[in-house]
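Sequences and hints are given; from them, build the entire structure.
Top line first, the protein sequences correspond to chains A and B.
Counting in my numbering, the first sequence runs from 1 upward without gaps.
Counting in my numbering, the second sequence runs from 1 upward without gaps.
All the given hints hold, so there is nothing to weed out.
Repeated chains share a single entry, so a pair holds when one copy, or any two copies, can fit it.
Straight-line alpha carbon distances no greater than 20 Å define the calculated SDA-like cross-link-like pairs of lysine to any residue that follow:
id : residue 1 : residue 2
1  : 385       : 168
2  : 385       : 167
3  : 385       : 164
4  : 38        : 4
Treat the hints as calculated values from the structure; they're not laboratory data.
2 protein chains.
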Amino acid sequence: MSWFVTHLECVHCGRRYDPAPDRYVCTECGIKGILDVKYDYEALTGRLTREWFRQSPDRSQWRYFDLLPLARRETIQDLQVGWTPLYLAGRLGEHLGFPNLYIKDDGRNPTGSFKDRASAVGVARALEIGARVVACASTGNAASSLAGFSAAAGLTSYIFVPATAPEAKVTQLLVYGANVLLVDGTYDEAYYLCNAACERWGWYNRNCAINPYLMEGKKTAGWEIAEQFGWDPPDWVVMAVGDGCSLAGVWKGFAEAKLLGLIDRTPRMAGVQAEGARPLVDAFERGSVAPVRPQTLADSIAVGEPRNAAKVLRAVRDSQGTMITVSDDDILAAIHELARFTGVFAEPAGAAAYAGFKKLLHAGVIGREERVVVVVTGNGLKDIKSARAAVQGGRTLRPDLAELAKILEAAR
Amino acid sequence: MSWFVTHLECVHCGRRYDPAPDRYVCTECGIKGILDVKYDYEALTGRLTREWFRQSPDRSQWRYFDLLPLARRETIQDLQVGWTPLYLAGRLGEHLGFPNLYIKDDGRNPTGSFKDRASAVGVARALEIGARVVACASTGNAASSLAGFSAAAGLTSYIFVPATAPEAKVTQLLVYGANVLLVDGTYDEAYYLCNAACERWGWYNRNCAINPYLMEGKKTAGWEIAEQFGWDPPDWVVMAVGDGCSLAGVWKGFAEAKLLGLIDRTPRMAGVQAEGARPLVDAFERGSVAPVRPQTLADSIAVGEPRNAAKVLRAVRDSQGTMITVSDDDILAAIHELARFTGVFAEPAGAAAYAGFKKLLHAGVIGREERVVVVVTGNGLKDIKSARAAVQGGRTLRPDLAELAKILEAAR
Numbered sequence: 001m002s003w004f005v006t007h008l009e010c011v012h013c014g015r016r017y018d019p020a021p022d023r024y025v026c027t028e029c030g031i032k033g034i035l036d037v038k039y040d041y042e043a044l045t046g047r048l049t050r051e052w053f054r055q056s057p058d059r060s061q062w063r064y065f066d067l068l069p070l071a072r073r074e075t076i077q078d079l080q081v082g083w084t085p086l087y088l089a090g091r092l093g094e095h096l097g098f099p100n101l102y103i104k105d106d107g108r109n110p111t112g113s114f115k116d117r118a119s120a121v122g123v124a125r126a127l128e129i130g131a132r133v134v135a136c137a138s139t140g141n142a143a144s145s146l147a148g149f150s151a152a153a154g155l156t157s158y159i160f161v162p163a164t165a166p167e168a169k170v171t172q173l174l175v176y177g178a179n180v181l182l183v184d185g186t187y188d189e190a191y192y193l194c195n196a197a198c199e200r201w202g203w204y205n206r207n208c209a210i211n212p213y214l215m216e217g218k219k220t221a222g223w224e225i226a227e228q229f230g231w232d233p234p235d236w237v238v239m240a241v242g243d244g245c246s247l248a249g250v251w252k253g254f255a256e257a258k259l260l261g262l263i264d265r266t267p268r269m270a271g272v273q274a275e276g277a278r279p280l281v282d283a284f285e286r287g288s289v290a291p292v293r294p295q296t297l298a299d300s301i302a303v304g305e306p307r308n309a310a311k312v313l314r315a316v317r318d319s320q321g322t323m324i325t326v327s328d329d330d331i332l333a334a335i336h337e338l339a340r341f342t343g344v345f346a347e348p349a350g351a352a353a354y355a356g357f358k359k360l361l362h363a364g365v366i367g368r369e370e371r372v373v374v375v376v377t378g379n380g381l382k383d384i385k386s387a388r389a390a391v392q393g394g395r396t397l398r399p400d401l402a403e404l405a406k407i408l409e410a411a412r
Numbered sequence: 001m002s003w004f005v006t007h008l009e010c011v012h013c014g015r016r017y018d019p020a021p022d023r024y025v026c027t028e029c030g031i032k033g034i035l036d037v038k039y040d041y042e043a044l045t046g047r048l049t050r051e052w053f054r055q056s057p058d059r060s061q062w063r064y065f066d067l068l069p070l071a072r073r074e075t076i077q078d079l080q081v082g083w084t085p086l087y088l089a090g091r092l093g094e095h096l097g098f099p100n101l102y103i104k105d106d107g108r109n110p111t112g113s114f115k116d117r118a119s120a121v122g123v124a125r126a127l128e129i130g131a132r133v134v135a136c137a138s139t140g141n142a143a144s145s146l147a148g149f150s151a152a153a154g155l156t157s158y159i160f161v162p163a164t165a166p167e168a169k170v171t172q173l174l175v176y177g178a179n180v181l182l183v184d185g186t187y188d189e190a191y192y193l194c195n196a197a198c199e200r201w202g203w204y205n206r207n208c209a210i211n212p213y214l215m216e217g218k219k220t221a222g223w224e225i226a227e228q229f230g231w232d233p234p235d236w237v238v239m240a241v242g243d244g245c246s247l248a249g250v251w252k253g254f255a256e257a258k259l260l261g262l263i264d265r266t267p268r269m270a271g272v273q274a275e276g277a278r279p280l281v282d283a284f285e286r287g288s289v290a291p292v293r294p295q296t297l298a299d300s301i302a303v304g305e306p307r308n309a310a311k312v313l314r315a316v317r318d319s320q321g322t323m324i325t326v327s328d329d330d331i332l333a334a335i336h337e338l339a340r341f342t343g344v345f346a347e348p349a350g351a352a353a354y355a356g357f358k359k360l361l362h363a364g365v366i367g368r369e370e371r372v373v374v375v376v377t378g379n380g381l382k383d384i385k386s387a388r389a390a391v392q393g394g395r396t397l398r399p400d401l402a403e404l405a406k407i408l409e410a411a412r
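Written as structure tokens, this is what we have:
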């Protein structure tokens with residue numbers, strides 16, 4: 001049993017709210033006033049020590065249960081989420097002349113993406129407050145993770161997707177038994193429609209930029225990296241950025257670990273966007289967010305109207321980090337290079353992080369002696385079409401069977 | 001450092017061999033004389049106790065390192081393999097009126113299948129004996145797992161696939177940097193060609209039915225199930241069967257655990273084949289194996305000439321188990337039912353095991369009070385095409401946007 005949440009705080013105006021079940025955004029700031037969950041860190045400081053973690057047998061994100069907005073463990077689903085592997089990419093490091101490159105493979109989560117961390121918390125929270133129906137708008141990983149965890153929990157799920165969504169992704173949702181609503185419109189229209197429907201029918205809203213509790217699941221990745229490095233965190237953490245919730249979440253994990261005295265310093269956060277969907281990079285460089293029409297094959301970060309700009313920009317700045325763009329060609333090359341040298345097969349957004357790291361390395365922003373974690377946020381099996389494009393030059397041989405048989409025969 | 005291997009033993013004639021690096025099959029029996037790796041179980045009995053395992057921090061298949069044919073740990077790749085989650089399928093059990101149904105989700109392995117267990121051992125072994133090139137014939141999971149682990153290890157891999165192999169599977173191989181040889185012939189021709197090429201060029205042969213060491217990786221799943229049940233193993237373990245190596249491997253794990261006194265009894269093994277590829281079911285019922293032309297959408301078990309018949313039939317009989325077939329329609333329905341009630345998305349062969357369990361339950365072979373583990377041997381993301389066929393009746397709604405907007409507007 002645990003509940004260390006003290007209040008919710010508007011990231012825009014700082015106003016405080018009680019953590020009421022139906023509280024989403026700040027009453028004053030509206031949709032801009034995303035709320036941040038605050039905990040009784042004083043009470044947690046004596047409790048969550050290095051020794052405490054050393055003794056914890058839990059190898060999932062629930063080892064950070066005391067830092068999550070859940071009152072009890074009974075609503076947690078069995079699907080094993082988090083505590084994903086962290087690899088020193090030795091061969092890839094040699095190839096690059098960069099000895100301390102690490103891969104955090106979040107494609108190993110139950111439905112194949114980082115988003116499982118958030119959906120796992122969202123579904124547990126929905127059960128806690130007695131919701132029977134959950135919803136989100138997404139064409140990708142958030143949707144499949146919500147559908148998967150809802151299936152495990154026996155919740156009804158409604159997923160709003162643009163009617164143009166790839167059939168493969170819709171298939172994954174249907175397999176989990178989700179109700180898929182094909183919206184004849186853009187992702188943005190699906191998003192607003194979903195929020196309106198949640199309000200109208202009282203469904204539990206899993207949209208990360210509205211529901212303050214979901215980012216709490218994401219922050220466990222930051223905690224894990226800190227702990228997997230023996231509380232001596234890396235110099236940089238590089239991640240792809242779409243809406244901005246994931247990077248902001250990971251940053252929150254590091255910030256909390258420092259607040260509780262478990263680490264002495266925090267890594268710098270590097271956010272990577274696609275050249276064709278770079279509103280947050282522009283905002284980072286110029287100060288304000290202007291919506292764009294996204295154009296990239298990395299569908300998980302093809303976001304033109306980022307909904308967590310405030311949180312993610314603050315995270316990058318607070319960490320003394322940076323933001324960078326990569327081209328779709330960079331992303332395709334990164335899928336192949338990452339897989340060939342590490343055995344980790346990433347979806348385009350996951351590979352984008354690696355492509356961004358390389359660019360920062362070549363630009364001298366990241367030093368050769370630094371320690372870097374690239375977070376692979378999604379499994380490559382989710383997007384075989386892009387993988388195919390990545391291996392256009394792959395080596396497929398069609399041997400002359402008769403010829404080969406002759407060689408082999410002669411050798412017997 | 002560990003090497004408890006004593007000798008290799010022919011499953012056909014019982015002849016013994018030294019575990020020489022280039023030893024594959026029995027000299028006397030040829031291809032029929034698959035070898036079984038034997039260990040110094042006497043020396044291991046005092047060593048591998050329940051307490052020893054309780055204290056092991058390793059959460060991968062390498063916790064069973066002493067029971068594997070590897071001399072040292074240095075050749076083990078980082079890719080985290082094994083110790084996959086075991087779930088009590090509570091909601092699915094309720095749906096079926098069967099309280100003790102467990103799912104062992106091996107789709108959570110690095111390249112998405114049970115085969116990673118074997119390839120991980122194969123690649124470590126290849127490195128140990130100084131091989132630089134590995135090869136196998138396969139259209140599916142064995143190939144991708146070999147390609148993935150070879151990529152991590154920096155080994156060159158050659159994969160022989162029928163030219164008719166699905167493009168998606170070929171893509172996964174190319175992404176990992178494998179050399180893919182498209183053979184204008186059947187899987188069987190690719191298989192013999194691969195073996196001949198390995199002989200001719202001295203490549204390390206990863207074909208499971210020839211290389212005695214690979215099954216050792218597979219047996220770790222049996223060990224894991226025994227340990228995850230607190231050394232009080234289930235009554236049944238149900239698995240899909242193609243060549244037969246996987247079920248035989250899991251059985252070996254249980255047999256060893258009993259031999260070392262860690263469990264008192266072993267589960268009964270149930271092997272499931274597709275109706276259109278049932279040579280082992282026929283052999284189990286009638287005594288001899290007759291090759292067939294396989295016809296099933298479950299490509300991972302679409303095997304017409306099973307190459308480990310002796311080992312798998314012995315395993316089923318020794319365990320007092322059984323074998324059964326399921327139709328492709330059963331398999332498709334099973335994909336959907338498993339995902340909807342557990343959140344575990346299985347590829348067709350993995351779902352076939354669940355379909356087989358249901359059939360055995362309804363036939364009264366498995367009793368309502370028994371404890372059953374269904375092994376999901378592959379991730380559903382590997383075969384989206386079959387998943388799509390599984391959800392033909394899935395609920396996709398295309399709401400009238402204007403209508404919906406009106407309802408929502410009225411509610412404000």
